[in-house]
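As given, the protein sequences belong to chains A and B, one line each in that order.
Mapping of the first sequence onto my numbering: position 121 corresponds to residue 277, and the numbering continues sequentially without gaps.
Mapping of the second sequence onto my numbering: position 33 corresponds to residue 38, and the numbering continues sequentially without gaps.
Because the hints were derived from the structure by calculation, they are not lab data.
Any given hint might turn out to be false.
Each computed DSS-like pair below joins lysine-lysine, with the alpha-carbon atoms no more than 27 angstroms apart [to be verified]: (1) A:K177 - B:K99; (2) A:K350 - B:K77; (3) B:K99 - A:K358; (4) B:K63 - B:K77; (5) B:K226 - B:K32; (6) B:K63 - A:K175; (7) B:K121 - B:K135; (8) A:K350 - B:K99; (9) B:K120 - A:K374; (10) B:K226 - A:K175; (11) B:K135 - B:K120; (12) B:K135 - A:K358; (13) A:K411 - A:K217; (14) A:K374 - B:K63; (15) A:K306 - A:K217; (16) B:K77 - A:K374.
Computed spacing ranges between beta-carbons, pair by pair [said to hold, decoys possible]: (17) B:E58 - A:I394: 51 to 57 angstroms; (18) A:C390 - B:T15: 51 to 57 angstroms; (19) B:D98 - A:G163: 27 to 33 angstroms; (20) A:G163 - B:L133: 22 to 28 angstroms; (21) B:G192 - A:R357: 31 to 37 angstroms; (22) B:S116 - A:P418: 48 to 54 angstroms; (23) A:K175 - B:S116: 19 to 25 angstroms; (24) B:D98 - A:P418: 48 to 54 angstroms; (25) B:K51 - A:I335: 38 to 44 angstroms.
Glycine residues also receive a C-beta, built at the ideal position from the N, C-alpha and C atoms.
If you want the building blocks of each chain, they are given just below.
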Amino acid sequence: MNFNTIGYWILESIEGIKKNKKTFFIGLGTMFFMLTLIGGLYIIYLNANSFMGDVSESESKVEIFVNDVTEDDVTIILSKLYQIDGISDIEYVTAEQNYEDAKALGLAEAISVEDNAFHPSFKLTIDNVKNGNISPIRNAIHGIPELYEKIHSEKGFETTETVIKWAITVRVVTWTLLIIFILIGCFIMMNSIKLALYSRRKEISIMKYVGATDRFTKAPFIIEGLIIAILAACITLIVTRLVYGGLAEFAEANKMFSFVVPVNEVLGSMSILLFVVAVGIGTIGSSMSISKYLDV
Amino acid sequence: MITFENISKTYATGIEAVHDVSLEIEKGDFAFFIGPSGCGKSTLMKLLLKEIEPTVGKIYINGKDITHMPRKNIPYLRRSMGIVFQDFRLLQDKTVYENVAFAMRVIEANSKLIKKQVPNALSLVGLLNKANMYPDELSGGEQQRVAVARALVNNPMMLIADEPTGNLDPDTAWEIMSLLNDINRRGTTVIVATHAKEIVDKMQKRVIEIDKGVIHSDIKKGVYTK
Chain A
157 MNFNTIGYWI
167 LESIEGIKKN
177 KKTFFIGLGT
187 MFFMLTLIGG
197 LYIIYLNANS
207 FMGDVSESES
217 KVEIFVNDVT
227 EDDVTIILSK
237 LYQIDGISDI
247 EYVTAEQNYE
257 DAKALGLAEA
267 ISVEDNAFHP
277 SFKLTIDNVK
287 NGNISPIRNA
297 IHGIPELYEK
307 IHSEKGFETT
317 ETVIKWAITV
327 RVVTWTLLII
337 FILIGCFIMM
347 NSIKLALYSR
357 RKEISIMKYV
367 GATDRFTKAP
377 FIIEGLIIAI
387 LAACITLIVT
397 RLVYGGLAEF
407 AEANKMFSFV
417 VPVNEVLGSM
427 SILLFVVAVG
437 IGTIGSSMSI
447 SKYLDV
Chain B
6 MITFENISKT
16 YATGIEAVHD
26 VSLEIEKGDF
36 AFFIGPSGCG
46 KSTLMKLLLK
56 EIEPTVGKIY
66 INGKDITHMP
76 RKNIPYLRRS
86 MGIVFQDFRL
96 LQDKTVYENV
106 AFAMRVIEAN
116 SKLIKKQVPN
126 ALSLVGLLNK
136 ANMYPDELSG
146 GEQQRVAVAR
156 ALVNNPMMLI
166 ADEPTGNLDP
176 DTAWEIMSLL
186 NDINRRGTTV
196 IVATHAKEIV
206 DKMQKRVIEI
216 DKGVIHSDIK
226 KGVYTK
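Bound-form chain A, shown alone (with noise of 0.2 angstroms):
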């Protein structure tokens, strides 16, 4: 291969758009719609996982409280407690201790701490709830008998696990729209190439009879899908920046939902997917259409 072959592939590869410009167009707006679909689910996934997190982050603590427990009863929980993997921090606080949290709060003014309104606690710290490492921790606090025969009432624990549960879904969700959107790209990519060799069918034909290789009667088409997917991916990229960048603006002017990814973050880690993604349909796409034609 040299400059020249490279060269002519490159010329071969617009004059077939020139030609075919309503096919390019075609192609270059289902591209579009179909990258601003991908581009769009990431974006909901970033930010999913940004909520997430921040929400995971809040609720990695979680609170048991006890009915009355003895000073050997504590000693023995907490030292069962500290076995269990997962578990980074532990505090035992006192009926007494819980009353003063909730009157320094406003939330015990009517209530003394004599009504026995208030039980004993054990608060916990858990690490990488967003691995989803929150169920068999239950499961272990749950299988100290010493604690679990004791237990009033816990808080933390559904909640977090719904975050997890959700950050799950989402992300399994995401990540299958996304694979169902490539293979809808490769599809649009196949027919816009497919529409783009039948009208060059009668030049690939005498291209093998000559003596033409595979290779080379491929490249000009493999060229003119990227030039399509790449084309679409920037103008995704610059819609993104426009529409997405002000809402993200807006939202932080106004002190609105905390956890939106800012644009630039987006941008960058988006740019990188919509171009391995235009890279790959662009490629994937039309080499599949022009197999057919080169059994000549």
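Here the structure of chain A is known, so what remains is to put chain B in place on it, guided by the hints.
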């Protein structure tokens, strides 16, 4: 140079297009394949071009067995052949010069060589003065000359023409055959599949008559027998 050894070809439809064909074409030969439509001429051409593979038998070119040649090597085999079709198959949006240069570009020849070879091929067919014209500005005969120039520009060792005069009037057809004859005199092996009885009779070249997929006759200075 070309050897067909007990070649049979049965298509997927079950039709046997050629049956037990054996023949040899020497370097520098000029051979006509004649016979009625559907007799197997085109199948033999396709076998030679490696468009299809024989069901039985072997094909050799210059002593090399090409019967089951890997697909990736077929382009390199085709570079040793120039091909001319009945319908010219020129690219209408390219000039005469570009059509001929196209055959060199696609085999990745360098620009310097293209600039040297294309005018040579065009002067050989007498169309150098029409290099900048488009195919639709040329007569049928001239278009076929461009196709011949395109087939020759890479200096192939053989030229294969499938009904090259089928779309031409008798005078123009004769001009094209004379051109092919000149090319043959320069040492290129020429194989022509044709129905043009008068031309075959007049040229007195080797005539291989095919009927119902078998070689009916193979005469060194033959004529159209039917």
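Outcome of the hint check:
For the given pair, A:K177 sits about 19 angstroms from B:K99 by alpha-carbon distance, which is consistent with the 27 angstroms threshold. The hinted pair formed by A:K350 and B:K77 meets the criterion: a straight-line CA distance of about 23 angstroms does not exceed 27 angstroms. Only pairs whose Cα atoms come within 27 angstroms are accepted, and B:K99 paired with A:K358 is accepted, the gap being roughly 13 angstroms. Our distance criterion of 27 angstroms between C-alpha atoms is met by B:K63 and B:K77, whose separation comes to about 19 angstroms.
Annotation: proposed proximity of B:K226 to B:K32 holds, straight-line Cα distance about 17 angstroms (limit 27 angstroms). Of the supplied pair hints, the one linking B:K63 and A:K175 is violated, its CA atoms being roughly 44 angstroms apart against a limit of 27 angstroms. For the proposed pair B:K121 and B:K135, the alpha carbon gap of about 17 angstroms is at most 27 angstroms, so the pair holds. A hinted pair counts as satisfied when its Cα atoms are at most 27 angstroms apart, and A:K350 with B:K99 qualifies at roughly 22 angstroms.
For the hint pairing B:K120 with A:K374, the CA-to-CA distance comes to about 25 angstroms; that is within 27 angstroms, so the pair holds. The straight-line distance between the Cα atoms of B:K226 and A:K175 is roughly 50 angstroms, outside the 27 angstroms bound, and the hint therefore fails. At most 27 angstroms may separate the alpha-carbon atoms for a hinted pair to count; B:K135 and B:K120 meet this at roughly 16 angstroms. Taking the CA atoms of B:K135 and A:K358, the gap is near 23 angstroms; set against the 27 angstroms cutoff, the hint holds.
About 26 angstroms separates the Cα atoms of A:K411 and A:K217, which keeps this hinted pair within 27 angstroms; it holds. This hinted pair does not check out: A:K374 and B:K63 have alpha carbons roughly 31 angstroms apart, beyond 27 angstroms. A threshold of 27 angstroms between alpha carbons decides the hint, and for A:K306 with A:K217 the separation of about 20 angstroms falls inside it, so the pair holds. Taking the CA atoms of B:K77 and A:K374, the gap is about 14 angstroms. The hint holds against a cut of 27 angstroms.
With their beta carbons about 52 angstroms apart, B:E58 and A:I394 fall inside the hinted range of 51 to 57 angstroms. Look at A:C390 against B:T15: about 54 angstroms separates their beta carbons, and that is inside 51 to 57 angstroms. The hinted range of 27 to 33 angstroms is not satisfied by B:D98 and A:G163, whose Cβ atoms lie roughly 19 angstroms apart. Taking the beta carbon of each, A:G163 and B:L133 are about 26 angstroms apart, inside 22 to 28 angstroms as hinted.
For B:G192 paired with A:R357, a C-beta distance near 34 angstroms keeps the hint of 31 to 37 angstroms intact. With their beta carbons about 51 angstroms apart, B:S116 and A:P418 fall inside the hinted range of 48 to 54 angstroms. Distance hint for A:K175 and B:S116: a CB-CB separation of about 23 angstroms, consistent with the stated range 19 to 25 angstroms. Between B:D98 and A:P418 the Cβ separation comes to about 50 angstroms, which falls inside the hinted range of 48 to 54 angstroms.
In this structure, B:K51 and A:I335 meet the distance hint of 38 to 44 angstroms, their C-beta atoms being roughly 42 angstroms apart.
The structure fails hints 6, 10, 14 and 19 (numbered hints given earlier, in ascending order).
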